[in-house]
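Visitor: If you want the building blocks of each chain, they are given just below.
Protein chains: 2
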Amino acid sequence: MNWEEKVRKVVPYVPGEQPTGSGIVKLNTNENPYPPAPGVADALRSMANDYDEMRRYPDPDAASLTQALADHYGVKEDQVFVGVGSDDVLAMSFLTFFDSDKPLLFPDITYSFYEVWAKLFRIPHKKMPLRCDFTIDPEAYLEPNGGVIIANPNAPTSIYLDLDSIEKIVAGNPDSVVIIDEAYIDFGGKSALPLINKYENLLVVQTFSKSRSLAGARIGMAFGSAKIISYLKDVKFSFNSYTMSQDAIRIGAAVASLSDESYFSDVTNRIVKTREEAVERFKALGFSVLPSATNFLFVSHSDRNASDIYNALKEKNIYVRYFNSPRIDNHLRITIGTPEEMEKLYNALQEVLK
Amino acid sequence: MNWEEKVRKVVPYVPGEQPTGSGIVKLNTNENPYPPAPGVADALRSMANDYDEMRRYPDPDAASLTQALADHYGVKEDQVFVGVGSDDVLAMSFLTFFDSDKPLLFPDITYSFYEVWAKLFRIPHKKMPLRCDFTIDPEAYLEPNGGVIIANPNAPTSIYLDLDSIEKIVAGNPDSVVIIDEAYIDFGGKSALPLINKYENLLVVQTFSKSRSLAGARIGMAFGSAKIISYLKDVKFSFNSYTMSQDAIRIGAAVASLSDESYFSDVTNRIVKTREEAVERFKALGFSVLPSATNFLFVSHSDRNASDIYNALKEKNIYVRYFNSPRIDNHLRITIGTPEEMEKLYNALQEVLK
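Sequence lines, in order, name chains A and B.
Quick note on numbering: this note's numbering labels position 57 of the first sequence as 667, and the sequence is numbered without any gaps.
Quick note on numbering: this note's numbering labels position 43 of the second sequence as 653, and the sequence is numbered without any gaps.
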């Protein structure tokens, strides 16, 4: 007997590479190529001026942030939950809502952290195969289960599932919590958020990391019925009273306020425009491209292995994401960068594919 | 059947009140009465200038922070773990190390979050009574167990356990992880940190929230053998790749650097001096005072109920902490404030006790 026998052993999620140095084109973690709204700099400067306040614990309810989000999204404050990025929100949600002997259902190809959380918390789970075209079959999620989680748009496929299908899954599972993970919703899809007033069992999770260019600040949020949010808060307050730092609360409240809204839509529109151009450019290079409602494309080439292309691009200091997993091991997930970054990518691909 | 039946139901930890407004003397959450080191303002200003970098994910290993801590404490980088305050570090540690059918042992009077975490993660646990004088009996922790956690100095008692006794507990439990929670160690005790090179099963947890005046930044850390830290990292990376925001990493690295060291010892010394004066003043007011190695005192009055004093002080806008729990429901935990704040407290107590 040894102390190591009492250790929970897990195989962690591996985030995308975070290379540093100049001249790197980083299109591998779906970061936003544009800076966050100017309100972020103001919030950090005001925090610097009030830095003596950092000796105090933050507001454990992060009320200024949840209030700003409630106002912005037109919901009540008790329908909002915030965390350290949407990963924190999702981890807490897995711990809270899927306490069942029945399996949690999620697609076989989706955000690979779902399986990591399920294993960490020993939640029985079952992967539901996507159709051959990588779309989700909503009917599959109506069998008995301990919960459902769907990324919409899905990652890494980039494909959006229409809201009627989402509602069918939520309505068809009154005895389970259904989580819709909308990390990429601002790039084209319709959010399930309005449904939280209709379905008590629905939790909609979003993030400041993608469309709001704030991956570095670690701010994520969930919306749901007051009851579902209350259960989530109980678990959060059983884990860490103060997950959100004073600076994160200030940054988040600033950015969620309507004053930065036009900046936000401008950035999102630019990315969507670059994405639509990218679809054509990739097709011209011989790639097949899945229909994207996100800030990335999921592509494969008829003649060349994805892993070869990934490695060749990396040698040219261009980072994209390759998953060595069943069904998608010949695909690449490529974040939409600035038009300049994308030109570098096309040029590099032209050489690589020669 | 209903979705609520699949919810993990818990009774969360209740943090101390965070009243806002002017004229309040807040001595209820063991915050530091002095501002953090000036490096914090510099770090926030530099982050404001680089705010466009916030679009990037932080370094998932927070290497600049762990390196600064390793340098400062004279350990290797792979012996350091960081989290969102020591509560996050402890929550992750409970999840990682106490995966056993045998009970986790901790004192009956201690940081009440221990029981909350044990219940959240369904860890069997057993409370070991403190002696009548509220000291810890090290021998009690040598019975078969699934793990041990000791706050040293203990809270809310403020009493320090000598390092030989700590070592006896660690050495006597080679088959369990022993966590020493040193949130208050900088106010007088000797840290168990040097023992991490001798005992693979020891984890020492500390925080920036108390002695470093940074409760608002949410930075905590653990030290241990490379092996124990590696297990903890696996669970952390199965929960959230990026717990530490870019700004928290910058703030922590700045403050952990030796340049701010003299500021840090100055602040700590001032608090210890005020504490020693406070002991005499409380005794003169008719209180019995436990010997404190922390930034707070744990006191009781022979003639007056603690809850009455708590309420009377609150009416005068002075907040202290009262726990309505067995054995300590006639005590008050009072944070050491500035000399000016303490004068206000003594004056108020003189009126209340009249």
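Hints listed in this document are in silico derivations from the structure and should not be mistaken for laboratory results.
Hints may be right or wrong, so weigh each one.
The list treats identical chains as one, so a pair stands whether inside a single copy or across any two.
[As the list claims (entries may be wrong)] With a straight-line cut-off of 25 angstroms between C-alpha atoms, the simulated DMTMM-like cross-links for lysine to aspartate or glutamate are:
| id | residue 1 | residue 2 |
| --- | --- | --- |
| 1 | Lys964 | Glu951 |
| 2 | Lys686 | Glu627 |
| 3 | Lys712 | Asp681 |
| 4 | Lys737 | Asp844 |
| 5 | Lys737 | Glu614 |
Visitor: Against each hint, give a clear statement of whether it holds in the structure.
Guide: Cross-check of the supplied hints:
Taking the shortest Cα distances, Lys964 and Glu951 sit within 25 angstroms of each other inside one copy (20 angstroms), while across copies they are farther apart (75 angstroms). In the homo-oligomer, the alpha carbons of Lys686 and Glu627 lie at most 25 angstroms apart only across protomers (23 angstroms), although the nearest pairing inside one protomer, at 38 angstroms, exceeds that limit. Neither within a single protomer nor between protomers do Lys712 and Asp681 lie at most 25 angstroms apart by alpha-carbon distance, with minima of 37 angstroms and 48 angstroms respectively. Only between protomers do Lys737 and Asp844 lie at most 25 angstroms apart by alpha-carbon distance; the minimum there is 23 angstroms, versus 29 angstroms within a single protomer.
When the C-alpha separation of Lys737 and Glu614 is checked against a cutoff of 25 angstroms, the pair qualifies only between copies, where the shortest distance is 23 angstroms, while the shortest distance within a copy is 31 angstroms.
In terms of the numbered hints stated before, the structure departs from hint 3 and from no other.
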